[in-house]
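Visitor: All chains, full assembly: derive it from the sequences and hints.
2 protein chains.
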Amino acid sequence: MDLTALRSENPDHWNKAAAIRALTLDAVAGANSGHSGMPIGMADVATVLFEKHMKFDVSAPKWADRDRFILSAGHGSMLIYSLLYLMGDAQVTLDQIKNFRQSGALTAGHPENFLLDAVEVTTGPLGQGISNAVGFAMAEEMLRAQYGKKVVDHHTYVIAGDGCLMEGISQEALGLAGRHQLGKLVVFWDNNNITIDGQLDLSDRTNQVQRFKASGWHVQEIDGHDPVQIDAAIEAAKKTKKPSMIACKTHIALGHAAQDTSKGHGALTDADQLKAAKDAYGWTGGAYQVPAEIKSQWEEIGKRGADARAEWEGRFAELSQQKQDRFNRIFALEAPKKLSATIKALKKQVSESQPKVATRKASEMALEVINPIMPETIGGSADLTGSNNTKTGDLGMFDTDNRKGRYVYWGIREHGMAAAMNGMALHGGIRPYGGTFFCFTDYARPAMRLAALSKIPTVFVMTHDSIGVGEDGPTHQPVEHLAICRATPNTYTFRPADAVETAEAWEIALTSKETPSVIALTRQGLPTVRTEHKLSNLTEKGAYVLAEAESKRQVILMASGSEVSTAMAAKDLLEAKGIGTRVVSVPCMELFHAQDESYRRKVLPAGPVRVAIEAAVRDGGWDRLLLGERGQEKKAGFVGMEGFGASAPAGELFEKFGITAEGTVAKVQELLG
Amino acid sequence: MDLTALRSENPDHWNKAAAIRALTLDAVAGANSGHSGMPIGMADVATVLFEKHMKFDVSAPKWADRDRFILSAGHGSMLIYSLLYLMGDAQVTLDQIKNFRQSGALTAGHPENFLLDAVEVTTGPLGQGISNAVGFAMAEEMLRAQYGKKVVDHHTYVIAGDGCLMEGISQEALGLAGRHQLGKLVVFWDNNNITIDGQLDLSDRTNQVQRFKASGWHVQEIDGHDPVQIDAAIEAAKKTKKPSMIACKTHIALGHAAQDTSKGHGALTDADQLKAAKDAYGWTGGAYQVPAEIKSQWEEIGKRGADARAEWEGRFAELSQQKQDRFNRIFALEAPKKLSATIKALKKQVSESQPKVATRKASEMALEVINPIMPETIGGSADLTGSNNTKTGDLGMFDTDNRKGRYVYWGIREHGMAAAMNGMALHGGIRPYGGTFFCFTDYARPAMRLAALSKIPTVFVMTHDSIGVGEDGPTHQPVEHLAICRATPNTYTFRPADAVETAEAWEIALTSKETPSVIALTRQGLPTVRTEHKLSNLTEKGAYVLAEAESKRQVILMASGSEVSTAMAAKDLLEAKGIGTRVVSVPCMELFHAQDESYRRKVLPAGPVRVAIEAAVRDGGWDRLLLGERGQEKKAGFVGMEGFGASAPAGELFEKFGITAEGTVAKVQELLG
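In order, the protein sequences belong to chains A and V.
For what it's worth, UniProt numbering labels the leading residue of the first sequence as 1, then goes sequentially.
For what it's worth, UniProt numbering labels the leading residue of the second sequence as 1, then goes sequentially.
A hint or two may mislead.
[Said to hold, decoys possible] Simulated crosslink set (DSSO-like; lysine-lysine; CA at most 27 Å straight-line): (1) 239(V) to 303(V); (2) 656(V) to 455(A); (3) 513(A) to 552(A); (4) 656(V) to 577(V); (5) 361(V) to 263(A); (6) 241(V) to 213(A); (7) 213(A) to 213(V); (8) 634(A) to 602(V); (9) 303(A) to 238(A); (10) 577(V) to 361(V); (11) 323(V) to 295(V); (12) 242(A) to 213(V).
[Said to hold, decoys possible] Here are some, though not all, of the chain V residues that point toward chain A, as calculated from beta-carbon distances under 7 Å: (13) 98; (14) 99; (15) 102; (16) 103; (17) 168; (18) 203; (19) 205; (20) 445; (21) 449; (22) 474; (23) 489; (24) 623; (25) 627.
[Claimed, not checked] Pairwise CB distance ranges, derived in the manner of DEER restraints: (26) 643(V) to 533(A): 29 to 39 Å; (27) 2(V) to 336(A): 47 to 57 Å; (28) 9(V) to 642(A): 49 to 59 Å; (29) 393(V) to 655(A): 26 to 36 Å.
To be clear, the hints were calculated from the coordinates, so they are not data collected in a lab.
All residues carry an ideal CB built from backbone N, CA and C; glycine is no exception.
Guide: Given below as structure tokens:
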């Protein structure tokens with residue numbers, strides 16, 4: 001391709017964009033891995049966006065009212081690293097560019113929010129960024145409604161590729177953004193007709209323009225290499241009240257021998273071709289060299305937002321002290337001081353009144369006292385509000401004419417909900433929680449993993465957590481999902497036994513700063529097992545002695561959730577036979593593993609027969625507590641599920657699968673010999 | 001709503017449809033659970049479809065050339081049960097209707113393909129059925145191309161609701177169907193404006209007509225209660241070469257007090273309202289009673305396809321014996337006799353030549369010899385063909401002008417691919433396999449679970465199976481995914497150590513009739529560890545002694561995949577110190593657990609120190625082999641991952657996380673004391 005016209009028409013622009021292209025070529029060649037084509041193809045869009053529109057101060061990448069930039073096509077990470085280096089970001093030094101994708105570098109293969117302050121969100125798994133962005137834009141609307149546009153008033157910009165748009169989650173994101181008229185969300189589609197397997201046409205012929213319009217978006221089509229068109233399109237996008245998609249026709253790996261080919265998508269490392277491309281760009285800098293004039297132009301761009309930030313700080317200072325404090329508190333993810341006392345009061349009341357309620361109802365009871373004191377919570381459900389018990393009286397519905405509403409009807413979009421919640425939390429100022437059936441963890445799973453990986457304290461409210469679902473049958477009955485959540489690093493998997501443990505789980509989830517929580521809750525009613533009020537949060541220990549043996553201790557029963565009351569009933573039967581039985585409640589294995597050995601030994605001493613009861617597969621971490629922690633194979637047993645469930649009334653299913661007090665007693669007696 | 005006009009305009013039709021409505025009301029009331037609104041709302045569409053269009057013989061629900069009917073909105077299961085009972089299905093007796101959702105009934109809460117022959121696919125998790133249907137329709141195209149339209153020529157009909165269309169996976173299905181012009185796929189959208197949370201409008205305002213058109217579909221909008229419009233729309237849908245969507249404007253729970261409300265979506269059990277609805281329908285039958293005349297009309301409908309089937313059998317008999325045998329073989333999921341010898345020959349050649357190849361490459365080597373002898377395999381990849389090594393030379397690309405092509409470019413649609421593969425396998429005559437990165441198991445997960453639950457032997461080719469991914473970093477490095485697959489019932493999780501085990505895994509996967517397989521494969525090269533040719537398939541044992549201790553046996557090292565060669569290297573180091581070390585390769589835990597105790601004891605005798613090595617979390621089933629199976633906590637150790645990975649060259653990551661021969665030796669020595 002002859003770049004002469006492009007170069008001559010807008011030489012200043014061209015050189016700034018060429019800096020991104022040259023750095024990308026050098027870094028990918030240096031790493032001998034990575035993706036060259038996308039940063040090269042989208043360099044013009046990124047240059048215009050940062051030069052003319054992004055409200056961004058490179059010296060304060062965490063400034064609350066900055067515009068957000070999300071690289072949904074995260075494999076093109078050199079685009080963001082180039083931008084940050086060129087603008088003078090404190091973290092992305094030239095050394096970091098030179099160490100692209102190397103051990104210990106902040107410039108990882110995909111952009112990681114936990115490595116770089118200026119990276120809003122970890123992207124890489126396609127479709128996530130554009131869906132996170134919906135959450136960012138919703139958070140902005142919500143906070144603007146609460147604090148006024150003098151304090152909150154910014155855009156969310158996204159670069160997405162064909163991969164992002166082919167992933168199903170993107171449709172969920174489109175639908176949400178359209179439904180809620182998220183006018184400050186602007187998506188650039190890198191429309192380059194190329195995927196890894198070849199021409200896009202091999203796998204897709206969707207009319208994306210028509211598709212976005214069907215979801216209520218404002219759509220423009222432009223030449224993605226023409227800075228004038230890019231600028232005008234962004235201007236128009238900022239004006240419309242709809243979410244905007246700008247289809248940018250681009251050439252992947254522009255000016256390189258691999259331009260417009262799937263090879264261009266990957267790592268372009270050939271030295272001669274690299275030189276030829278730089279020549280075509282008119283680039284005079286050597287490897288990793290950016291001519292001083294161009295670097296200084298970019299550094300000016302990095303400072304463009306400094307004045308706006310100073311003015312913002314002035315306006316922020318005009319807020320009441322109380323508002324400032326609250327704003328700072330919610331952005332710091334600090335729970336309000338009242339939370340602890342509120343939870344304690346609820347626990348006391350529950351221990352006294354001892355209601356028999358499903359833990360999903362117990363969760364609602366907790367939220368009824370939490371939501372009024374935590375304005376930063378945003379609730380929601382994937383079309384199961386009445387079943388998930390996620391809506392409390394005071395929240396109000398988030399809607400186009402009620403941006404202060406704190407409850408989101410996410411629709412039948414578990415994945416989009418989870419990703420948008422991650423985005424809300426990463427935006428700052430919001431603590432999102434959202435519900436679905438525990439079985440549909442499967443749908444939300446890619447976003448749940450990213451919450452764990454990128455340290456986002458999203459709360460997943462997962463009701464209907466076992467065969468207790470009953471008649472809906474095995475498709476709706478989780479058996480392996482506790483195992484899935486527990487195997488995922490940096491995830492709290494709570495399965496509370498009653499309303500007290502449920503309140504304790506919520507307290508931990510809402511004070512967590514870097515760990516997401518899954519709260520698995522029953523459909524069916526459960527008795528209160530924590531009948532004696534304790535000030536301390538026992539769930540924080542992960543597992544604890546709920547009931548001590550009355551006769552000589554021969555048995556330890558361990559259980560979580562609905563099976564804790566089964567264990568208590570089994571204990572009664574065993575004690576009646578003179579078999580002393582301790583019951584250990586295990587609401588959160590991850591937290592138990594984090595305790596020191598002396599505590600763990602106190603809870604699980606060597607010697608007694610151990611039987612664990614959980615209406616799920618044993619693979620969910622039980623071997624570690626049955627056979628490890630001083631256990632012995634010949635004295636250990638499990639009462640739970642060995643396969644999928646079935647369709648029948650719940651009570652019959654527990655009988656059918658032997659997850660009963662009697663089944664537990666039989667297992668204990670078999671082990672006692 | 002006044003139903004008088006509807007009743008009087010088409011009285012015969014009305015009564016037939018009313019039978020579905022009345023049975024639905026009775027069965028849901030009897031079960032005191034279920035979903036009434038959808039079967040009632042879509043009764044007219046279903047009646048016209050079966051009366052005038054479905055090629056279906058109730059006496060032969062597995063006839064290969066029948067039209068397929070897929071209830072994607074599976075919660076409306078009483079629709080399908082009513083139809084089957086009315087038409088005289090041998091399994092769905094009146095007793096089954098009376099036992100709807102009860103223990104042991106074939107009429108489960110959601111339709112289960114493993115309970116009823118006439119249920120094509122287990123549905124319930126929304127969005128799956130419509131995506132399975134894409135696989136059904138692709139399978140029909142493929143087999144029609146292979147066998148001719150005299151033998152294969154049928155439609156796939158789907159009923160989908162708003163939930164199905166809001167789930168992201170539906171967009172992947174739409175894109176695939178549009179791209180491949182699946183003209184024999186017809187989707188009825190139950191356009192009733194209601195979801196569980198209330199009016200659809202609460203969560204979605206998508207213009208579905210425009211959206212389907214954007215994906216290349218033929219779209220019609222009709223009154224879903226007008227049999228004339230329904231009939232005409234189906235006629236038109238059958239004529240177009242595009243996939244068809246018929247938007248059926250319906251009233252959920254038509255004629256019931258809960259009509260047009262979200263309450264109507266659920267279980268309508270009020271006796272008075274039930275009676276009022278039946279009165280409005282002009283229904284004279286008592287509970288579970290269908291007037292004889294109406295029942296007999298429905299039974300005629302059930303027999304409509306009998307002649308067509310007889311004619312088909314005549315045409316089938318005209319095929320060459322060889323073609324008939326192959327057709328019968330592939331529909332019976334029987335592998336060709338040659339498969340076993342082919343695998344053995346490959347194993348022998350590998351054991352002799354001892355290549356150092358990535359197991360993803362080894363998988364390609366296996367497919368290169370398998371695909372030519374198994375015409376029923378259909379390969380594909382979610383836009384990672386060159387990385388997943390799933391395409392062999394002979395397959396050809398499935399395309400609109402090459403329906404004989406056996407390779408599908410699925411695009412960046414892991415979920416849609418997995419669901420469509422399930423559909424292909426359930427259609428019959430196809431053994432689908434498809435590739436993506438192992439980490440993106442997450443995206444495909446809901447369909448992978450359904451493969452396990454509904455006993456579909458789909459093969460998931462999951463490459464880049466650990467931190468061996470290298471520079472792409474933690475978003476692309478699975479650590480918990482082996483645990484996820486192993487915790488899922490009825491799933492073979494293979495992680496082969498070299499090209500021999502890879503060939504063995506493929507043999508098991510392609511002879512499995514009821515269990516899906518996940519084959520986890522490396523990106524990086526691995527030495528051949530099976531250097532001595534064995535005729536028998538050792539992978540079938542799940543775990544086996546790969547190398548016996550030379551000195552006195554003090555240690556057993558267990559490993560899978562890439563870590564088996566690490567174990568072998570550690571053994572060399574230990575033996576050099578005089579520490580006798582057995583190496584046990586564990587390519588498939590599920591199969592090892594299925595062995596009898598004497599075999600398991602032979603492989604894992606009590607006594608020696610045991611160390612397991614796997615570049616993944618210990619939760620992936622290792623405790624059972626380390627601490628169970630006669631193991632002891634104080635003599636057991638694990639070398640693997642404790643959290644997420646990082647971005648760096650792969651070799652450096654194995655060093656960083658200590659997953660090396662030296663790390664293993666250190667762990668062993670610590671345990672030996």
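Visitor: Holds or violated: the hint that residue 627(V) contacts chain A, with Cβ atoms closer than 7 Å.
Guide: holds, 3 Å
Visitor: Verify the CB-CB distance for residue 9(V) and residue 642(A) against the hinted window 49 to 59 Å.
Guide: holds, 55 Å
Visitor: Quick check on the hint: residue 445(V) CB to chain A CB, less than 7 Å?
Guide: At 5 Å from the nearest chain A Cβ, residue 445(V) passes the 7 Å test, so the hint holds.
Visitor: Hinted pair, alpha-carbon criterion (27 Å max): residue 577(V), residue 361(V). Please report holds or violated.
Guide: violated, 35 Å
Visitor: With chain A as the partner, please determine if residue 203(V) meets the hint condition of a C-beta pair closer than 7 Å.
Guide: It holds, given that the least Cβ distance between residue 203(V) and chain A is near 3 Å, below 7 Å.
Visitor: Do the alpha carbons of residue 513(A) and residue 552(A) lie within 27 Å of each other, as the hint requires?
Guide: violated, 43 Å
Visitor: Taking only the CA atoms, is the gap from residue 656(V) to residue 455(A) under or equal to 27 Å?
Guide: holds, 21 Å
Visitor: How about residue 474(V): closest beta carbon in chain A under 7 Å, or not?
Guide: holds, 6 Å
Visitor: Using the nearest Cβ pair, does residue 102(V) come within less than 7 Å of chain A?
Guide: Check passed: Cβ of residue 102(V) comes within 6 Å of chain A, closer than 7 Å.
Visitor: Range first: 47 to 57 Å. Now tell me if the beta carbons of residue 2(V) and residue 336(A) are that far apart.
Guide: holds, 56 Å
Visitor: Quick one, are residue 213(A) and residue 213(V) close enough, alpha carbons at most 27 Å?
Guide: Given that 27 Å is the threshold and the Cα spacing comes to 12 Å, the pair holds.
Visitor: Tell me if the interface restraint on residue 168(V) is satisfied: Cβ within less than 7 Å of some Cβ in chain A.
Guide: holds, 3 Å
Going through the hint list in order, the structure does not satisfy hints 3, 10, 11, 13, 14 and 29.
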